[in-house]
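Assemble the complex: chain B is given as a structure, and chain R must be docked to it using the hints.
Number of protein chains: 2
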Amino acid sequence: MEKVNIAEKLSKFATHWDPKVVGELNGQMVKLVKFLGPFTWHSHANEDEMFYVVKGEFDMEFRDRTVHLGTGEFIVVPRGVEHRPNAQAEVHVMLFEPAATLNTGNVVNELTKATLQRI
Amino acid sequence: MEKVNIAEKLSKFATHWDPKVVGELNGQMVKLVKFLGPFTWHSHANEDEMFYVVKGEFDMEFRDRTVHLGTGEFIVVPRGVEHRPNAQAEVHVMLFEPAATLNTGNVVNELTKATLQRI
Chain B
1 MEKVNIAEKL
11 SKFATHWDPK
21 VVGELNGQMV
31 KLVKFLGPFT
41 WHSHANEDEM
51 FYVVKGEFDM
61 EFRDRTVHLG
71 TGEFIVVPRG
81 VEHRPNAQAE
91 VHVMLFEPAA
101 TLNTGNVVNE
111 LTKATLQRI
Chain R
1 MEKVNIAEKL
11 SKFATHWDPK
21 VVGELNGQMV
31 KLVKFLGPFT
41 WHSHANEDEM
51 FYVVKGEFDM
61 EFRDRTVHLG
71 TGEFIVVPRG
81 VEHRPNAQAE
91 VHVMLFEPAA
101 TLNTGNVVNE
111 LTKATLQRI
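Keeping their order, the protein sequence lines are chains B and R. Using the UniProt record's numbering, read the first sequence as starting at 1 and increasing by one per residue. Using the UniProt record's numbering, read the second sequence as starting at 1 and increasing by one per residue.
Chain B on its own, in the form it takes in the complex (with noise of 0.2 Å):
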């Protein structure tokens, strides 16, 4: 039971695409991101996900559309739905998800993180 400072933990890694586990309950896990340029399109089966915007912006793209998020601002994306995050700028992501969701969802390729980091 110990607090999570959110600051504290982006400061301690760099790296794009590559989510850092912080925190863990009732089965899902929180977990920090660092985004920039465009994703991958993908889906996941199984998990809905929840981004929440730490510090910057940016775009949500879905088949039909795109959704813009500023600091402050969340999104769920349900299951099923193809998406692909986009940022112009780097921007810094709370993500809530069940601990077993692969961040490339149903695409295996070179931004796939099968383990991630605790920090």
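Hints listed in this document are in silico derivations from the structure and should not be mistaken for laboratory results. Be aware that one or more of the hints could be misleading.
No distinction is drawn between identical chains; accordingly, a pair holds when it is met within one copy or between any pair of copies.
Claimed, not checked - No farther apart than 27 Å at their CA atoms in a straight line, the calculated lysine-lysine pairs in the DSSO-like style are these: (1) LYS9 - LYS55; (2) LYS20 - LYS3; (3) LYS3 - LYS55; (4) LYS12 - LYS55; (5) LYS113 - LYS12; (6) LYS113 - LYS20; (7) LYS113 - LYS55; (8) LYS55 - LYS20; (9) LYS9 - LYS113.
Relative to the frame of chain B, chain R by itself:
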């Protein structure tokens, strides 16, 4: 799949100890709540709870110690652990917890909210 702006949602209510539902995913709810003063000592038999400070500061009191949390910090209180949030001044908090979580846990009193409003 609409985005949620935390500040905009917080502007919609002024009550204390009155959680509002602003999102749901994987059977978990995202809630916003304003704390002021001491809450009720309680625990949750089956739910872990996450408290993320959006703005302000408060003490999470446990029977054997107190953890002080400020803006941008969070704590996970595991199921079964007695706790009491206590805020010297108003603080805005985002909660993540299972949909079934009762705010006062194992205690039912005048602070209990049996049903929660979605905003």
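Legend entry - Structure versus earlier hints - violations, ascending order: none
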